[in-house]
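Undergrad: Input sequences plus hints: build the corresponding full structure.
To convert a position in the sequence shown, counted from 1, into the working numbering, add 3.
Calculated from the structure, these hints are not laboratory results. Remember, it's a predicted structure, so these values are computed and weren't measured experimentally. Just to be clear, a hint being listed does not mean it is correct.
With a straight-line cut-off of 25 Å between C-alpha atoms, the simulated DMTMM-like cross-links for lysine to aspartate or glutamate are [claimed, not checked]:
#1 Lys118 to Asp171
#2 Lys15 to Glu27
#3 Lys103 to Asp130
#4 Lys118 to Glu161
#5 Lys118 to Asp156
#6 Lys103 to Glu161
#7 Lys103 to Asp171
#8 Lys118 to Asp59
#9 Lys104 to Asp59
#10 Lys15 to Asp59
#11 Lys104 to Glu161
#12 Lys118 to Asp130
#13 Lys118 to Asp147
#14 Lys15 to Glu161
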Amino acid sequence: MEEERILYEARKSCAQIASGTLSESEARRNIRRMMSIVGHKDVGDLAERRTNLFSDARLNLILQQNVRSARGYIQWRNATSEGALAAFPAQELVRLYMVKKPRDWVERWRSAGGKFFGGRMIALKNDPIWTRISRFGHPWPPFDFGSKMGVEDVSRSEAIRLGLLSEDSPPPQMPMSRDGQAMLNDTLQTSVPFNTNDPEWVSIVKS
Numbered sequence: 004m005e006e007e008r009i010l011y012e013a014r015k016s017c018a019q020i021a022s023g024t025l026s027e028s029e030a031r032r033n034i035r036r037m038m039s040i041v042g043h044k045d046v047g048d049l050a051e052r053r054t055n056l057f058s059d060a061r062l063n064l065i066l067q068q069n070v071r072s073a074r075g076y077i078q079w080r081n082a083t084s085e086g087a088l089a090a091f092p093a094q095e096l097v098r099l100y101m102v103k104k105p106r107d108w109v110e111r112w113r114s115a116g117g118k119f120f121g122g123r124m125i126a127l128k129n130d131p132i133w134t135r136i137s138r139f140g141h142p143w144p145p146f147d148f149g150s151k152m153g154v155e156d157v158s159r160s161e162a163i164r165l166g167l168l169s170e171d172s173p174p175p176q177m178p179m180s181r182d183g184q185a186m187l188n189d190t191l192q193t194s195v196p197f198n199t200n201d202p203e204w205v206s207i208v209k210s
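TA: Rendered as structure tokens:
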């Protein structure tokens, strides 16, 4: 999707959903209206398929993925602050919701070089495993489209018990940039520049 007007409408809608001022149905309506204005046509026989830009399935994927990624980024920012890293230097990959056909995250973790602790998938927050398991190269969830996996904090005392840290180890240092706009957009194929003082962006940051 390279039409800037559609991208802007989608970004604005995601921000409004995150802030609670817009429903997904209203967002789909707004994006469809913009697609019609710029000349995109609805392919009727593919109305429910993700290959059809007008379909609920495709628009829901776009909206839900971007809202969850924005929220995941804010949570990651909070979880990797100096104080949070001192108290909770590690985190565990956990399933938040059950699905009918779950992905094999155990194999994905193993293939990416992750270590297991009694079957649990735990690593320090600065471990590159978090970007390796991500389809998007981000160290925060969601790690794939439609993924229901998330992370839970692991305390310093437990990290020491598991051997991830020693008693006198300092809190882990984050090697990657914590610049929000750069990290949130740097793996996207197309990004639309915007002012971080825009009300829509502020509403995501505060959500």
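Undergrad: Now tell me, hint by hint, if it's right for this structure.
TA: Hint check:
Note on Lys118 and Asp171: the hinted pairing holds, with a Cα-Cα distance of about 22 Å set against a maximum of 25 Å. For the suggested pair Lys15 and Glu27, the alpha carbons sit about 12 Å apart, so the restraint of at most 25 Å is met. For a cut-off of 25 Å, the pair hint linking Lys103 to Asp130 is broken: about 30 Å separates their Cα positions. Among the hinted pairs, Lys118 with Glu161 is consistent with the structure: their alpha-carbon atoms are about 15 Å apart, no more than 25 Å.
At roughly 16 Å between alpha-carbon atoms, Lys118 and Asp156 fall within 25 Å of each other, so this suggested pair holds. Restraint check for Lys103 and Glu161: not satisfied, since their Cα atoms lie roughly 32 Å apart, outside the 25 Å limit. Between Lys103 and Asp171 the alpha-carbon distance is near 44 Å, which puts this suggested pair outside the 25 Å criterion. Annotation: proposed proximity of Lys118 to Asp59 is violated, straight-line Cα distance about 39 Å (limit 25 Å).
Our distance criterion of 25 Å between C-alpha atoms is met by Lys104 and Asp59, whose separation comes to about 21 Å. Our distance criterion of 25 Å between C-alpha atoms is met by Lys15 and Asp59, whose separation comes to about 18 Å. Distance check on the hinted pair: Lys104 and Glu161 sit about 32 Å apart at the alpha-carbon level, beyond 25 Å; violated. Distance hint between Lys118 and Asp130 is fulfilled; the C-alpha atoms sit about 11 Å from each other, no more than 25 Å.
Under the criterion of a C-alpha separation no larger than 25 Å, the hint pairing Lys118 with Asp147 is consistent with the structure, at around 20 Å. A C-alpha spacing of about 41 Å is found between Lys15 and Glu161, which places the hinted pair above 25 Å, so the restraint is violated.
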